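Enquirer: Each chain is listed here by its residues.
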Amino acid sequence: MSENKSVWVFIEQDEGRIAEVSLELIAKGRELADRLESRLDAILCGMDVESLATELIERGADRVLLAEHEELRLYRTLPYAKVLTRLVRENVPYILLFGASPVGRDLGPRVASAIRSGLTADCTDLQIGDYDSKKDGIVYKDLLLQIRPAFGGNLIATIVNPRHRPQMATVREGVMRMNEPQAGRKGEVERVSCSFEPADLALEILSRELRSSSVHLKDSPVIVSGGAGVGGEEGFLLVRELANALGAEVGASRAAVDSGLIGKEHQVGQTGTTVRPRLYIAAGISGAIQHRAGMSESNKIIAINTDPEAPIFQIAQYKIVGDLNEVIPLMISALREKAK
Amino acid sequence: MPYKSVVLVKQVPDTKNISGEAMTPEGTINRAALPTVFNPEDLNALEMALQVRDREGGEVTVLTMGPPSAAEILRESLFRGVDRVALLSDKRFAGADTLATSYALACAIRKVGDVDLVFAGRQAIDGDTAQVGPQTAEKLGIPQITYAESIVRLEGRSIVAQRALDHGTEMVKCSLPCLLTVVSSANEPRPASVRRRIEYKLAATSLEYKALLATWPSFGTEEALTAFLTERNLVIPVWSAAHIGADESKLGLAGSPTQVYKINFVVLEGTESKEIRPTAEGIKALVDELVQEYIVG
Numbered sequence: 001m002s003e004n005k006s007v008w009v010f011i012e013q014d015e016g017r018i019a020e021v022s023l024e025l026i027a028k029g030r031e032l033a034d035r036l037e038s039r040l041d042a043i044l045c046g047m048d049v050e051s052l053a054t055e056l057i058e059r060g061a062d063r064v065l066l067a068e069h070e071e072l073r074l075y076r077t078l079p080y081a082k083v084l085t086r087l088v089r090e091n092v093p094y095i096l097l098f099g100a101s102p103v104g105r106d107l108g109p110r111v112a113s114a115i116r117s118g119l120t121a122d123c124t125d126l127q128i129g130d131y132d133s134k135k136d137g138i139v140y141k142d143l144l145l146q147i148r149p150a151f152g153g154n155l156i157a158t159i160v161n162p163r164h165r166p167q168m169a170t171v172r173e174g175v176m177r178m179n180e181p182q183a184g185r186k187g188e189v190e191r192v193s194c195s196f197e198p199a200d201l202a203l204e205i206l207s208r209e210l211r212s213s214s215v216h217l218k219d220s221p222v223i224v225s226g227g228a229g230v231g232g233e234e235g236f237l238l239v240r241e242l243a244n245a246l247g248a249e250v251g252a253s254r255a256a257v258d259s260g261l262i263g264k265e266h267q268v269g270q271t272g273t274t275v276r277p278r279l280y281i282a283a284g285i286s287g288a289i290q291h292r293a294g295m296s297e298s299n300k301i302i303a304i305n306t307d308p309e310a311p312i313f314q315i316a317q318y319k320i321v322g323d324l325n326e327v328i329p330l331m332i333s334a335l336r337e338k339a340k
Numbered sequence: 001m002p003y004k005s006v007v008l009v010k011q012v013p014d015t016k017n018i019s020g021e022a023m024t025p026e027g028t029i030n031r032a033a034l035p036t037v038f039n040p041e042d043l044n045a046l047e048m049a050l051q052v053r054d055r056e057g058g059e060v061t062v063l064t065m066g067p068p069s070a071a072e073i074l075r076e077s078l079f080r081g082v083d084r085v086a087l088l089s090d091k092r093f094a095g096a097d098t099l100a101t102s103y104a105l106a107c108a109i110r111k112v113g114d115v116d117l118v119f120a121g122r123q124a125i126d127g128d129t130a131q132v133g134p135q136t137a138e139k140l141g142i143p144q145i146t147y148a149e150s151i152v153r154l155e156g157r158s159i160v161a162q163r164a165l166d167h168g169t170e171m172v173k174c175s176l177p178c179l180l181t182v183v184s185s186a187n188e189p190r191p192a193s194v195r196r197r198i199e200y201k202l203a204a205t206s207l208e209y210k211a212l213l214a215t216w217p218s219f220g221t222e223e224a225l226t227a228f229l230t231e232r233n234l235v236i237p238v239w240s241a242a243h244i245g246a247d248e249s250k251l252g253l254a255g256s257p258t259q260v261y262k263i264n265f266v267v268l269e270g271t272e273s274k275e276i277r278p279t280a281e282g283i284k285a286l287v288d289e290l291v292q293e294y295i296v297g
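First to last, the sequence lines map onto chains A and B. 1 is the number of the first residue of the first sequence in our numbering; add one for each residue after it. 1 is the number of the first residue of the second sequence in our numbering; add one for each residue after it.
Okay, chain A solo, but in the shape it has when bound (with noise of 0.2 angstroms):
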């Protein structure tokens, strides 16, 4: 008999709405699942969650395993695992998916600890290959080959995981493309009995601040970013009042977020957001690979920097060398000039 080859995403949900990296997951998981010609199953657990398998199948999956309960209506740790670890062990999928948000690097860990098997942090692709095991000996057929930057970005690493099942990862948000809904497109849905005893319920969550962030780096057509080479709050005001005059978000690398000039949730790169714009604008960032692997399939990037050397220069269609703080009141006045 031939080996079970079915996917599995879990989605995260949040009062109600599905997280945009499980849909992305799902698109994803529906390709892999007909490149194995096999099924792609969303794991959906919460409590009045039911209407939102409809979406999970109009988008591509088909069978929702849905397990609601009142102990999972927040989303906490043990509960979940406890749901997910038996429909692991009782199912043994060929592939796990996560998200690599807080509650996917939260859960996914705990489930692989618990059925022993191999984990792939925030991979940023997903493909299907083979793999010739020097080691083994064996040449193992369709594996998940598990694609995730390393070493600082430095390299980019294939994971496999041959030997256990389910093969899963965690995948880096807003990475894969979501697919549109197919109205009408049919999927089961089963529900799955939980239980829970008192150690399963060691938490309690007693309060959440939510705030809605009013960054919206992800879907902002255009974006200015600004690095180390702004200098200080004077050349940062320079970068927004250049995405102020263009309606764009503001950006930084991780060298502007640690040196305190802006926060965490404007940070554009492989530890921060990662984003594909119309349009770029690099200020003063050199182009670590960190930044690069966050912007680098931007549609047009313009780069400004006095280093002609920056390696930004490299991935930048329009490259100025020069001073920033000459360079983007120049932007800014021709924008006005031709806004009249």
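No false leads were slipped in.
Restraint-style ranges between C-beta atoms, simulated for each label pair: (1) Lys91(B) to Glu326(A): 55 to 63 angstroms; (2) Asn91(A) to Leu213(B): 53 to 61 angstroms; (3) Pro237(B) to Asn91(A): 39 to 47 angstroms; (4) Met47(A) to Ala211(B): 57 to 65 angstroms; (5) Val189(A) to Lys91(B): 45 to 53 angstroms; (6) Arg110(B) to Pro308(A): 56 to 64 angstroms.
Taking lysine to aspartate or glutamate pairs in the DMTMM-like style, the calculated list, with each CA pair at most 25 angstroms apart, reads: (7) Lys186(A) to Glu55(A); (8) Lys5(A) to Glu55(A); (9) Lys300(A) to Glu281(B); (10) Lys338(A) to Glu241(A); (11) Lys5(A) to Asp125(A); (12) Lys173(B) to Glu197(A); (13) Lys300(A) to Glu293(B); (14) Lys340(A) to Asp288(B); (15) Lys173(B) to Glu70(A); (16) Lys274(B) to Glu297(A).
Quick caveat, the hints were computed from the structure, so don't treat them as lab data. Owing to the predicted nature of the structure, the values given are computational and were not obtained by experimental measurement. Glycine included, every Cβ here is placed at the ideal spot set by N, Cα and C.
Go by the hints and put chain B onto chain A.
Expert: Leaving out everything else, chain B in the frame of chain A:
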């Protein structure tokens, strides 16, 4: 009331400051050019544990798994005020992925015994996986509080802590024992104390005796050095697989489900680029082009 804490720390290559020399022209890593550092968020974890001890009493033990040179961060921990340290070092640990690492760490935490709180940094800067903390908690069968930013209170066998999440904060209450992974915004780690730096300067593992004798030949023999360090409580214990009672099949490469299939070096792809003069005319022409091509406006 006093609490017994363990802090898990890691010595990592300083990936945040990779200089030109650290990358060869072929794009491979020149490890010799990479300094190692105390993983930054592990220092925040250490500080949180020390604050608990300073307030409530108890003791703090720091554990690290790594090569003999990792003793450096254990000395650093002693300088900052911890009570005990141990180095997990054994060739059987080598090549461990996060699962095999967490198994070894869980065995070591059990060896410490009766631990109330386990602290770890949110993630290490070499792998950025954030997996070892939760995987260790699972192996120990205890709850976890990831992304911990502060301990609001400790009362008997329960802890109230604040978690820092992408979209806000969460206040949670949890029974002990539990494991916390700590974020960098949690605190400002205390510096090494000068007094302790002098006191623990010679603290060493047996794996370092040879090097120590080379630097301080006046100690004479290894036996004399051992006696000297033992008397002053300066021996950093080295725990092997046997010491922590680990099942060898679950350690190191053998105990690691994941394998590295290949490593690619990041190569910059050249892009056709247009040089824009930083003059009023140059910039005006650029803005005109962007507007014409509907990139802006």
